[in-house]
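These protein sequence lines are chains H and W, in that order.
For the record, in the first sequence the residue sitting at position 124 is 124 according to the working numbering, with numbers rising by one throughout.
For the record, in the second sequence the residue sitting at position 181 is 181 according to the working numbering, with numbers rising by one throughout.
Quick caveat, the hints were computed from the structure, so don't treat them as lab data.
Treat the hints with care, since some could be wrong.
Claimed, not checked - Simulated crosslink set (DSSO-like; lysine-lysine; CA at most 30 Å straight-line):
| # | chain 1 | residue 1 | chain 2 | residue 2 |
| --- | --- | --- | --- | --- |
| 1 | W | Lys-38 | H | Lys-132 |
| 2 | H | Lys-396 | W | Lys-38 |
| 3 | W | Lys-38 | H | Lys-95 |
| 4 | H | Lys-104 | W | Lys-71 |
| 5 | W | Lys-196 | H | Lys-71 |
| 6 | W | Lys-183 | W | Lys-71 |
| 7 | H | Lys-76 | W | Lys-183 |
| 8 | H | Lys-396 | W | Lys-330 |
| 9 | H | Lys-93 | H | Lys-38 |
| 10 | H | Lys-93 | W | Lys-157 |
The lines below spell out each chain.
Number of protein chains: 2
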Amino acid sequence: MIGQTIDTNSAWIAQRLNELGIDVVRRIAVGDNADMIKNALDDELLNASIVLITGGLGPTADDITKPLLCKYFGGKLIVNEKVLAHVIQLFEKRKRPFLERNMKQAEVPDNCIALHNRMGTAPGMLFLKEGKYIIAMPGVPFEMMTIMEDEVLPRLKEHFISDAIVHRSIMTSGEGESFIAEKLQDLEEALPEHIKLAFLPHYGGVKLRLTGRGSDKAALEKELEQLSRVFVQRLGTIVVALEDVPLQQLIGAELVKMKATIGLAESCTGGYIAHHITQVMGSSRYFRGSLVCYQNDIKENVLGVQHNTILTHGAISEATAIEMAVGARKVLGSDYAFSITGLLSAGGDDDSVPVGTVWMAVVNLDTVKTKEFKFHFDRERNKELATQMAMLMIWKFLNNKL
Amino acid sequence: MIGQTIDTNSAWIAQRLNELGIDVVRRIAVGDNADMIKNALDDELLNASIVLITGGLGPTADDITKPLLCKYFGGKLIVNEKVLAHVIQLFEKRKRPFLERNMKQAEVPDNCIALHNRMGTAPGMLFLKEGKYIIAMPGVPFEMMTIMEDEVLPRLKEHFISDAIVHRSIMTSGEGESFIAEKLQDLEEALPEHIKLAFLPHYGGVKLRLTGRGSDKAALEKELEQLSRVFVQRLGTIVVALEDVPLQQLIGAELVKMKATIGLAESCTGGYIAHHITQVMGSSRYFRGSLVCYQNDIKENVLGVQHNTILTHGAISEATAIEMAVGARKVLGSDYAFSITGLLSAGGDDDSVPVGTVWMAVVNLDTVKTKEFKFHFDRERNKELATQMAMLMIWKFLNNKL
C-alpha cells in the first residue's frame, strides 16, 4: 500500500493456475488491517470458488492474517506438533536461537489443514467453506512457491475440474502495435468465440498471444497451431520467435546448435547484457565472458582499441564499436563477439554525442555488422531497451537475418 | 490475470501518493472484461475519494476501458483536436504511417478532462463525480508516470488536503526478523498510536520502517528522527544504513567522498554486480569496469590468475578469488577491486564444490579480505543474494567494518 514492494507473487500464481485451466478473475491487495482483510475476503468468496491469500503470516506484530482467518472461520489456535518440530529443526540448521516468539509460528487454527512449508517457518493453511477453498500462504516468494508446488496445486488439480486453456505466442520486432493490429484485422475478426488475441507491447517489440479454451485440449492445441501458422505467414519478417522465451534463451539454443562461443565488450550497458546471457542455465557452454570497460583507457588497454580511434571518432562511434568487438573476440577467444558503446543519460563524461546515442557491433571471423540507435527515455529504460536491442542484433546475426 | 506481466505501476503510484499524504486503501486488478471493470469501479467508489485506473487505453480491440468509462459516466466520444494534433506529430516524429485506427486514439469522452500524455498517443482522462476524482491512464509505465507527474499529482495536491506521512527506514544485515523483533519488543510496544513499525525482509537483511502520520509535518519529522536514533542504538552493529537507498548508491557516495575508484572481476554473477553499480547516475566517476570471466582460461589470460592456482585449489576457492581481485585491480587500474567466483546452480562444468558455494575477495593497495558463502536457493535467487552480499562486503570494506 505504500509502494515499497513490487508484487511478483500474483503473476507467478496466475501463470500456474492458468496451466491448470483455472481462471483468475480478480486480484485484491489491502494493508495489514483487519477490517480491510475481512471485507476483501467477503467480496472474493462471493465470486470465486478458490481464494488464495499471501502474506501476513510472519512472527512480528504487523502479521495479523493467521489469527484473523482463525476467527473468521470460527476456530482456535493450537500448537501443531508437526509444524513445531519443523520450526525447531530449521532454527537448529540455521544456528539461530529459538525464541518464545517463534513458538507462535507453530500455532495453527484447529479448523484448517496445515500446509507444509519446506523453505520456512510459517505453514500455509487450507480452510474449507461450502465447497470453496481458502488458502493462506506466506508472502516470501520462494516459500509461497514451494507451498504452491508441494501442497496447493496438487489439491486444486484434484478438486476443481475445468476447461483446458492453451496459449500460443508470437514474438515480433520492428513494428508498433497499431501497425500489426491493422495487418491482422481481418484475421482477428474471423477468430472463433473461444479464441482470443492479445497484443502485449514489450521491450523491443510486440508479443502476440492467442488464447483458446475448451474441453478437448488436443483439438484446441491443433487449432491454435494452425491459426498461429496463418498469423505468422501474414506477419512475415517481423516475427522473431514462436515461443514465449526470452531472447537470451534463443541465442543460447542457437549457439549450442552451432557449437559456437560468444564474448562481449560492454560500455554503457555495464554488464547488463552479460547478466541476461548468463541467466540461462548451461550458458557456460557458449559464453566466454564480457569485458565491461567503463573508461576510455580500459577500452584501449583491455580491448586494444586504438588511442587514435577514440581521439578521432570519439568513444561513442562506429569505429570504436568495431574495434571493441574485434578486440573482445581476440581477448576472449570466442567465435562471435558483440560490442556496445553509448551515452544512456546526461551527466556522463562524454558530451560529444546527443544523449541516447548508442553504437553496436557484432563480428565473427570474417564479417562485421554495425548499427546505430537513438534512445529517448531515462537511463534505466534506455539500458533495458539497449540490452534487448543488443540481444536482438546478436540473434539476427547468428541467423543471418541482419 | 494470466501472469504474463508483473505490476510495477501500483507500487510506484502508491509511493508518490504516500508522499502527498494520500493513503492507498485497496488495489484491484481485473481482466479486460466490461462487467468486472464496472464492478470494481462501483466497489472502489464506495470507499475512496480518488480512484486511479491504468491500462486498456491502447488502439487494439482488447482495449475497452475508454468507451466503458465514457458510458459509465454518461458521456460520448468526440475527437479532441489538441490530442489529435499531438498524435499526428508523434507519428511523424517516429516516421510511422498514421492509420485510421490511430484516429481513435484522439477520441476523448466529452465528460472528462483530457490529460496530456507527452510520451505516448493515449491521453489520460479525469472524470469528476460527487467530489470524487476518477482518473484513467495508459498502462505503459513511463507514459503513466509522465501523466502522473505532469497532470495528476499537481491536481491531487491542490484538491485533497490530508495529514502528513513521514517514514524513517533502518537497513540491517546479519540477523533475522524474529531476532530483531525480540530485541525491539519493548520499544515497539511503547510506540505512540500514530507511529507504526514494519519489518520488511529483503535480500541480505531486514528493513525496518517507522511510519508516522499527523498534521504537523515538522514535529512529526523530529519525533521520528529521535525514535529512529533510539532504535539504531539498540540494534548496534547490524545497522547498515539509515536511508532507504540501495547499496550501490551507498557504495557510490562513499567512493566519491574518498575520491577512489573500483573495479570488479565477476565469474558466477556474470556482470550483475557491475550492472547494479552502473545503475547509479554518475558511476563513471568511480567505476572502472568489470572483467566478467566465465571460463578458467580467461581468468588466467585476462586477470592473470595462475594456472597452478586453479589446478591446485580449484576455480571456486579463496586462492582463486584473491588472485582474481588482485588481477582486476591491476588490469583496471583501480584503487579497490572486488572478485567473486562460485557455483550458483547444478549443471555447470565445475563440480568440485557443493552447489551454492561462493568465494568473494576485496582488495586495496595493502589489504585483502575474503569470505565464503553457501547459498541454498535456485540459480536466479542465488545470483540476487550473491550480488547483494557482494555489495554489502564492498560497502563494509570501504567503511572499515569488515
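* **Hint check against the structure, violated hint numbers in rising order** => Result: hints 2, 3, 4, 6, 8, 9 and 10 break, sorted rising.
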